[in-house]
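Taken in sequence, the protein lines are chains V and S.
The first sequence maps to residues 1 to 332 in the numbering used here.
The second sequence maps to residues 1 to 332 in the numbering used here.
Honestly, the hints are just simulated from the structure, not real lab data.
Treat the hints with caution; some may be incorrect.
Copies of the same chain are indistinguishable here, so a pair counts whether it falls within one copy or spans any two.
List time: in silico DSS-like cross-link candidates among lysine-lysine, alpha-carbon distance up to 27 angstroms [as the list claims (entries may be wrong)]:
#, residue 1, residue 2
1, Lys-322, Lys-89
2, Lys-322, Lys-106
3, Lys-8, Lys-322
4, Lys-14, Lys-109
5, Lys-38, Lys-80
6, Lys-106, Lys-14
7, Lys-299, Lys-167
8, Lys-185, Lys-14
9, Lys-109, Lys-89
10, Lys-3, Lys-109
11, Lys-291, Lys-3
12, Lys-265, Lys-66
13, Lys-140, Lys-89
Number of protein chains: 2
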Amino acid sequence: MNKQILLKSRPVGKPTLENFDIVNAPAVVAHQGEVLVKAQYISVDPYMRGRMSDAKSYVPPFEVGKPIEGGVVGEVIESKHSNYIVGDKVIGALAWQEIQSVPAEKVTKLNSELAPMSYYLGILGMPGLTAYFGLLDIGKPTEGETVVVSGAAGAVGMVVGQIARIKGCRVVGIAGNDEKNSYLKNELHFDEVINYNTTSDMEAAIADACPNGVDIYFDNVGGEISDAVIANINKGARIILCGQISLYNNTEAAIGPRVQPTLLKKSALMQGFIVSNYLSRWPEGVSELAKWLTDGRLKYQQTITRGFENLPQAFIGLFEGKNTGKSLVEVI
Amino acid sequence: MNKQILLKSRPVGKPTLENFDIVNAPAVVAHQGEVLVKAQYISVDPYMRGRMSDAKSYVPPFEVGKPIEGGVVGEVIESKHSNYIVGDKVIGALAWQEIQSVPAEKVTKLNSELAPMSYYLGILGMPGLTAYFGLLDIGKPTEGETVVVSGAAGAVGMVVGQIARIKGCRVVGIAGNDEKNSYLKNELHFDEVINYNTTSDMEAAIADACPNGVDIYFDNVGGEISDAVIANINKGARIILCGQISLYNNTEAAIGPRVQPTLLKKSALMQGFIVSNYLSRWPEGVSELAKWLTDGRLKYQQTITRGFENLPQAFIGLFEGKNTGKSLVEVI
């Protein structure tokens, strides 16, 4: 049996297990120019929620009745392309399927000696590079500035905070439980942490944690947490829009305080981005991140769920604030 | 009699004549280092509304019982500073007062042969430079892009549209009446104009006027007009926040659709600014604008109200959509 997970129906609001279907995949054969890939780790990421809706976004929607697609690392078990041999470790945007045959151009070889394979779905992959380019290219942090990051214990957030520390900034992380926050503070050396679930006045809490105001806000969540941060920005602040996870399951357009008057008064910048804007600079990012990992200046944590069939549950867990660090599934 | 206008009380909502007091100024004497200035033109600008409230902004609030202050051009009628002689034309942020004595550092000499004196309160002054730096430095227009400007018939907007045309862009202006719009289209050669007072579906009207979407939005007004423009932005769009006149008289924080999800999907930038951020590049801006004026590539229009005592009414008129081009008062 070669399992495959399909989008059975489009979620309305928060996704549930009923939106997914686990089936046996059609027979897979590697044709000329293709490689047969056995998945080892499969990534679950918040942005994938957008593709489950039938709305225009920066990536096209998934089709109902077709497999979900996302970041997968695996091993080549049969090759009909001269660049690959059996045993090669590869990464690609592939189907949620145990074994699949894909054109060789759809995958990239990994150096599994530099770091564990799963890291290429996290700190050396999309989330790590999202943190790297978003913070450095848009935020342009300088020593002594204050950086606030929401979703701080997530795959992107924890890298953002650590890079900001490397750049000499004061770092304040916002996350949803004390266990995550104690990890951020004690292991990753964030200067301050705020638990949004137990803080009644977020605006005041951010003001307390940022006595010199907020120079850079790396926003992974949106909504009211962001309103509270934006109320504390300094003149010339930079707000990096990376994710809006608090709004992804909304069924209507979100309403809130208009940010324009604040951005105007503060001569502040707000910039949305997607990491693929930086494709040409990918090698620079991977090399810097790998160097910091090797130096021990950057720590990394993953939440690994075991078992292919647990992919839907691991994905749904992203919206329940369960994971610390990068969430992924190991295909045992 | 040497008239002076005081802020009598802070407006709540839209300013009224009751918020102002016309009085006779205390005796004015030029002390050492000062010049005595007789006002000739006095500027009324939307940003001044912010200073009438008791809220922190980029400039400190006016004090109740003290004179209003703003852009004034006038003539030196007595000088106790070696850099100035009687007859010099000067500009400064001065009191709403017919004759006043000020430290020489508070004024700058004008070249009244390059352009009429009043132009230094408009196209060669704060509004013109606001258009110049906001559009070029933040918007970075390139040939063939589509630029939408709201408040298009105002002192800033009409310069923005003309510079965008000079840079080879398609320009769409939004203003509040057909007379203004016909001026923008026929005299200033805007490609399209939209009257927000007679258009029921602004979002559709902007889509019609911008078949290739919106690359740059120069926002002078905020509120629902801006919501409709932002719904039409392209990937990589730049939104320049210059003014939010539709919100200045609000007594509560404005609520509206959250822009962050759109900015994120479109990798778009939103940047607030104030022209004083560009003080060091002021001469570059004046020189470029003066060159385009001389070449005839840039046209300019003023709405001049005559009579010092009509200053409050001219100011209030800004919020009634009455003026085309720069609004100012001539002190007969």
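Quick rundown of the hints versus the structure:
1. For a Cα distance limit of 27 angstroms, the shortest separation of Lys-322 from Lys-89 qualifies neither inside one copy, at 29 angstroms, nor across copies, at 69 angstroms.
2. Proximity of Lys-322 and Lys-106 under a CA criterion of 27 angstroms is satisfied in neither setting, with 31 angstroms inside one chain copy and 60 angstroms between copies.
3. Taking the closest pair of Cα atoms, Lys-8 and Lys-322 come within 27 angstroms of each other only inside a single copy of the chain (24 angstroms); across copies the shortest separation is 57 angstroms, beyond that limit.
4. In the homo-oligomer, the alpha carbons of Lys-14 and Lys-109 never lie at most 27 angstroms apart, since the shortest distance is 35 angstroms inside one protomer and 64 angstroms across protomers.
5. Only within a single protomer do Lys-38 and Lys-80 lie at most 27 angstroms apart by alpha-carbon distance; the minimum there is 15 angstroms, versus 88 angstroms between protomers.
6. In this homomeric assembly, Lys-106 and Lys-14 never come within 27 angstroms of each other (Cα to Cα): the closest approach is 30 angstroms inside a single copy and 60 angstroms across copies.
7. Taking the shortest alpha-carbon separations for Lys-299 and Lys-167, only the intra-copy value of 15 angstroms comes in at or below 27 angstroms, while the best inter-copy value is 48 angstroms.
8. For the homomeric pair Lys-185 and Lys-14, neither the shortest alpha-carbon distance inside one copy (30 angstroms) nor that between copies (49 angstroms) is at most 27 angstroms.
9. For the identical chains of this complex, Lys-109 and Lys-89 are intra-copy neighbours only, at 6 angstroms inside a copy versus 71 angstroms across copies, given an alpha-carbon limit of 27 angstroms.
10. Proximity of Lys-3 to Lys-109 under the C-alpha cut-off of 27 angstroms is restricted to the intra-copy arrangement: shortest distance 24 angstroms within a copy versus 80 angstroms between copies.
11. Taking the closest pair of Cα atoms, Lys-291 and Lys-3 never come within 27 angstroms of each other, the shortest separation being 37 angstroms inside a single copy and 70 angstroms across copies.
12. Taking the closest pair of Cα atoms, Lys-265 and Lys-66 come within 27 angstroms of each other only across two copies (24 angstroms); inside a single copy the shortest separation is 48 angstroms, beyond that limit.
13. Taking the shortest alpha-carbon separations for Lys-140 and Lys-89, neither the intra-copy value of 35 angstroms nor the inter-copy value of 43 angstroms comes in at or below 27 angstroms.
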